[in-house]
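Build out the structure end to end from the sequences listed, making use of the hints.
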Amino acid sequence: MAETLEFNDIYQEVKGSMNDGRLRLSRQGIIFKNSKTGKVDNIQAGELTEGIWRRVALGHGLKLLTKNGHVYKYDGFRESEFEKLSDFFKTHYRLDLMEKDLCVKGWNWGTVKFGGQLLSFDIGDQPVFEIPLSNVSQCTTGKNEVTLEFHQNDDAEVSLMEVRFYVPPTQEDGVDPVEAFAQNVLSKADVIQATGDAICIFRELQCLTPRGRYDIRIYPTFLHLHGKTFDYKIPYTTVLRLFLLPHKDQRQMFFVISLDPPIKQGQTRYHFLILLFSKDEDISLTLNMNEEEVEKRFEGRLTKNMSGSLYEMVSRVMKALVNRKITVPGNFQGHSGAQCITCSYKASSGLLYPLERGFIYVHKPPVHIRFDEISFVNFARGTTTTRSFDFEIETKQGTQYTFSSIEREEYGKLFDFVNVKKLNIKNRGLKEGMNPSYDDYADSDEDQHDAYLERMKEEGKIREENANDSSDDSGEETDESFNPGEEEEDVAEEFDSNASASSSSNEGDSDRDEKKRKQLKKAKMAKDRKSRKKPMEVKKGKDPNAPKRPMSAYMLWLNASREKIKSDHPGISITDLSKKAGEIWKGMSKEKKEEWDRKAEDARRDYEKAMKEYEGGRGESSKSDMDNVAGTGDKSKKKKKVKVKMEKKSTPSRGSSSSKSSSRQLSESFKSKEFVSSDESSSGENKSKKKRRRSEDSEEEELASTPPSSEDSASGSDE
-12 MAETLEFNDI
-2 YQEVKGSMND
8 GRLRLSRQGI
18 IFKNSKTGKV
28 DNIQAGELTE
38 GIWRRVALGH
48 GLKLLTKNGH
58 VYKYDGFRES
68 EFEKLSDFFK
78 THYRLDLMEK
88 DLCVKGWNWG
98 TVKFGGQLLS
108 FDIGDQPVFE
118 IPLSNVSQCT
128 TGKNEVTLEF
138 HQNDDAEVSL
148 MEVRFYVPPT
158 QEDGVDPVEA
168 FAQNVLSKAD
178 VIQATGDAIC
188 IFRELQCLTP
198 RGRYDIRIYP
208 TFLHLHGKTF
218 DYKIPYTTVL
228 RLFLLPHKDQ
238 RQMFFVISLD
248 PPIKQGQTRY
258 HFLILLFSKD
268 EDISLTLNMN
278 EEEVEKRFEG
288 RLTKNMSGSL
298 YEMVSRVMKA
308 LVNRKITVPG
318 NFQGHSGAQC
328 ITCSYKASSG
338 LLYPLERGFI
348 YVHKPPVHIR
358 FDEISFVNFA
368 RGTTTTRSFD
378 FEIETKQGTQ
388 YTFSSIEREE
398 YGKLFDFVNV
408 KKLNIKNRGL
418 KEGMNPSYDD
428 YADSDEDQHD
438 AYLERMKEEG
448 KIREENANDS
458 SDDSGEETDE
468 SFNPGEEEED
478 VAEEFDSNAS
488 ASSSSNEGDS
498 DRDEKKRKQL
508 KKAKMAKDRK
518 SRKKPMEVKK
528 GKDPNAPKRP
538 MSAYMLWLNA
548 SREKIKSDHP
558 GISITDLSKK
568 AGEIWKGMSK
578 EKKEEWDRKA
588 EDARRDYEKA
598 MKEYEGGRGE
608 SSKSDMDNVA
618 GTGDKSKKKK
628 KVKVKMEKKS
638 TPSRGSSSSK
648 SSSRQLSESF
658 KSKEFVSSDE
668 SSSGENKSKK
678 KRRRSEDSEE
688 EELASTPPSS
698 EDSASGSDE
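All letters in the sequence shown, in the order written, are residues -12 to 706 by the numbering used here.
For the record, the hints were derived by calculation from the structure and aren't laboratory data.
Don't take each hint at face value.
[As the list claims (entries may be wrong)] Below, simulated BS3-like cross-link-like pairs (lysine-lysine); rule was C-alpha separation at most 27 Å, straight line:
no., residue 1, residue 2
1, Lys266, Lys26
2, Lys567, Lys579
3, Lys100, Lys60
4, Lys333, Lys400
5, Lys60, Lys77
6, Lys551, Lys573
7, Lys87, Lys60
8, Lys312, Lys413
9, Lys312, Lys251
10, Lys235, Lys283
11, Lys573, Lys599
12, Lys553, Lys596
13, Lys251, Lys283
14, Lys92, Lys60
15, Lys235, Lys573
16, Lys400, Lys567
17, Lys291, Lys306
18, Lys566, Lys579
19, Lys306, Lys23
20, Lys175, Lys26
21, Lys333, Lys351
22, Lys87, Lys100
23, Lys306, Lys235
24, Lys23, Lys283
25, Lys100, Lys175
26, Lys54, Lys92
27, Lys553, Lys566
28, Lys306, Lys283
29, Lys251, Lys26
30, Lys586, Lys567
31, Lys60, Lys175
32, Lys54, Lys20
33, Lys235, Lys333
34, Lys383, Lys351
35, Lys235, Lys351
36, Lys291, Lys23
37, Lys266, Lys383
38, Lys175, Lys54
Pasting the structure below:
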């Protein structure tokens, strides 16, 4: 006979909801672990009084009753597993597993039996349905009628909210069957009634979830949150876990209470109750019980009079009443020395705490992920910047959590932690030189085998070098190709109102002259733009002969002390080195700083002297270039003058052919630009250039061969 039996995909019925999990039967007892919450139910073998095997909606089920009246239901078994379970119960628990089917006649009258925390409606000896009284939220009575109201089930699409029982009157004197029925229900129901005085009260505690300030009244069986707008009554049986987490600023503490089922406010569900405390806030607490009752109930865990920090008192009282351990951060320590990592989840920024058996994120929305439900984790590059990375977690149920904007300095610490906990890393296979075992590089402070971390370090070095170069060269380079003033003038010229006004005022001008003027203006603008674009194509580089700008006193000291800092702190990164240097410089005495200030002043004088010599040599060369340009400019001016004279004398000779050319140009002017091809325009420009050259040559010959006029001869005769 096997010592243990294990069953997967078994469903436990708790308060009307079916929770998936694993069931294990052993000699010592029965253990069920909830896959969703990780909660473990342990039933000792000596507590079992009855076991029933029956057919249910999910195959076959097992109903177990204990000595203290608790009922446990597990569904999802196969029919063939009955013999194996029956033999196991006989051998190890000395119980006969009875087969008992439900009644399916469909009758709506019968007898009600109260057994432990279960209401059973039977017809004859067969049960029709059973109601866990812990799921009852309210019980009201009427004439011959009892109404039961139930807690809403968030996991089910449709929930049973109300059942009414008709109780016929009886002839027995002095006993009201309706009241007797209601008292049996209320004695076991989950109806919270604040009877008696609270054990203690904590006033005006800051609560992050749900937000606000609440008075917390501690009762023997439940916790009462009393705020200005809402009240919450939380039974201790719904508390799943307790967490005490230090804030990153080391001045505050988070106290987190995990709840299942959650507290409700309208459509909002709060699975976590998060309280924020200041470490400096102290309190003196006196329990509303005598010393004998305190000793008997809490067995030394609490005393009647206590004093200390407020967060310590709250956590100590909650631990004693809930009877659960308080989870605190383990050995993880981040880059800044804190036990948490600053990151963002969804749209809010918060803190991620790596624990010994899971991760918890606070505070909006709070998330708790256990290691046993994690399928794999993934380290991904940040979407917006290379100075951060994302940490992704995917559970076995397929839910994915992405914690973004984590500083890259935290990468090595977090990666080592994940390796120690032996979590699967999705992108590990993509990294070269990384062995699957953690022991190969567990001793290194920084993970040298991580290609992603090495790449980020190299990018940081390149950026820092570029930043130093740009700071040295600042102020010397100018962008000569960008002239915003000229661009604005051109735009104004293109849409010039004066041009349109002058063209409209001259009514006698023909359309040909107006179009000609526009074409000349566009050609001029295109020429100006081309001339401005030329410097952009051939960008003027920095003169290598120009003297370099002098360094500041701090930069001179840093260059001289860099190697010493590296030797004092081996393995220090570039960013940490700069931070360390800044701290040393800030703490340096005034006398030592004056020495470097003198060196910086000497370097500045040398630079100014070198710049004067450099600018003087460059000025002489530019002057000679300007003289050459001036000589060529005079020649071009003379040519222009000659052309003007020739045009003045040649204008009368073209008067006879003006009518023919104007008629031809008028007929051509009605063609739009879309119908003129580039070939035609280029050929037309070549023809016009040839005509101008011929006319200029003919005018020069005519000017040379023309005899002096009569006026010239007359002046010569007078002489």
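Hints versus structure:
Restraint check for Lys266 and Lys26: not satisfied, since their Cα atoms lie roughly 31 Å apart, outside the 27 Å limit. Distance check on the hinted pair: Lys567 and Lys579 sit about 18 Å apart at the alpha-carbon level, within 27 Å; holds. Simply put, Lys100 and Lys60 have alpha-carbon atoms about 18 Å apart, close enough for the 27 Å limit, and the pair holds. A C-alpha spacing of about 23 Å is found between Lys333 and Lys400, which places the hinted pair at or below 27 Å, so the restraint holds.
For the suggested pair Lys60 and Lys77, the alpha carbons sit about 19 Å apart, so the restraint of at most 27 Å is met. Between Lys551 and Lys573 the CA atoms are separated by roughly 17 Å; this keeps the pair inside 27 Å, and the hint holds. The straight-line distance between the Cα atoms of Lys87 and Lys60 is roughly 14 Å, inside the 27 Å bound, and the hint therefore holds. Restraint check: the Cα-Cα separation between Lys312 and Lys413 comes to about 33 Å, which exceeds 27 Å; the hinted pair is violated.
For the hint pairing Lys312 with Lys251, the CA-to-CA distance comes to about 25 Å; that is within 27 Å, so the pair holds. Restraint check: the Cα-Cα separation between Lys235 and Lys283 comes to about 39 Å, which exceeds 27 Å; the hinted pair is violated. For the suggested pair Lys573 and Lys599, the alpha carbons sit about 35 Å apart, so the restraint of at most 27 Å is broken. For the proposed pair Lys553 and Lys596, the alpha carbon gap of about 35 Å is over 27 Å, so the pair is violated.
Of the pairs offered as hints, the one joining Lys251 and Lys283 is violated, with about 34 Å between alpha carbons and a cut-off of 27 Å exceeded. Annotation: proposed proximity of Lys92 to Lys60 holds, straight-line Cα distance about 23 Å (limit 27 Å). Between Lys235 and Lys573, the direct Cα distance comes to roughly 26 Å. Compliance with the 27 Å bound is thereby established for this hinted pair. Proximity of Lys400 to Lys567 is assessed by CA-CA distance (about 20 Å); at most 27 Å being required, the pair is judged to hold.
Annotation: proposed proximity of Lys291 to Lys306 holds, straight-line Cα distance about 16 Å (limit 27 Å). At roughly 19 Å between alpha-carbon atoms, Lys566 and Lys579 fall within 27 Å of each other, so this suggested pair holds. Taken as a hint, the Lys306 and Lys23 pair is honoured in the structure, with Cα atoms around 23 Å apart against an allowance of 27 Å. Of the pairs offered as hints, the one joining Lys175 and Lys26 holds, with about 23 Å between alpha carbons and a cut-off of 27 Å not exceeded.
Distance hint between Lys333 and Lys351 is fulfilled; the C-alpha atoms sit about 9 Å from each other, no more than 27 Å. Taking the CA atoms of Lys87 and Lys100, the gap is about 16 Å. The hint holds against a cut of 27 Å. For the given pair, Lys306 sits about 24 Å from Lys235 by alpha-carbon distance, which is consistent with the 27 Å threshold. For the given pair, Lys23 sits about 36 Å from Lys283 by alpha-carbon distance, which is inconsistent with the 27 Å threshold.
For the proposed pair Lys100 and Lys175, the alpha carbon gap of about 13 Å is at most 27 Å, so the pair holds. Straight-line distance between C-alpha atoms of Lys54 and Lys92 comes to about 32 Å, which puts the hinted pair past the 27 Å bound. For the hint linking Lys553 to Lys566, the alpha-carbon distance of about 13 Å falls within 27 Å, and the restraint holds. As the CA atoms of Lys306 and Lys283 are separated by approximately 16 Å, the hinted pair is consistent with the 27 Å bound.
For the given pair, Lys251 sits about 21 Å from Lys26 by alpha-carbon distance, which is consistent with the 27 Å threshold. Our distance criterion of 27 Å between C-alpha atoms is met by Lys586 and Lys567, whose separation comes to about 22 Å. Note on Lys60 and Lys175: the hinted pairing holds, with a Cα-Cα distance of about 18 Å set against a maximum of 27 Å. Restraint check: the Cα-Cα separation between Lys54 and Lys20 comes to about 22 Å, which is no more than 27 Å; the hinted pair holds.
Proximity of Lys235 to Lys333 is assessed by CA-CA distance (about 20 Å); at most 27 Å being required, the pair is judged to hold. Note on Lys383 and Lys351: the hinted pairing holds, with a Cα-Cα distance of about 23 Å set against a maximum of 27 Å. Simply put, Lys235 and Lys351 have alpha-carbon atoms about 16 Å apart, close enough for the 27 Å limit, and the pair holds. This hinted pair does not check out: Lys291 and Lys23 have alpha carbons roughly 38 Å apart, beyond 27 Å.
Distance hint between Lys266 and Lys383 is unfulfilled; the C-alpha atoms sit about 38 Å from each other, more than 27 Å. With a C-alpha separation of about 16 Å, the suggested pair Lys175 and Lys54 falls inside the 27 Å cut-off, and the hint holds.
Of the numbered hints stated above, those contradicted by the structure are hints 1, 8, 10, 11, 12, 13, 24, 26, 36 and 37, listed in ascending order.
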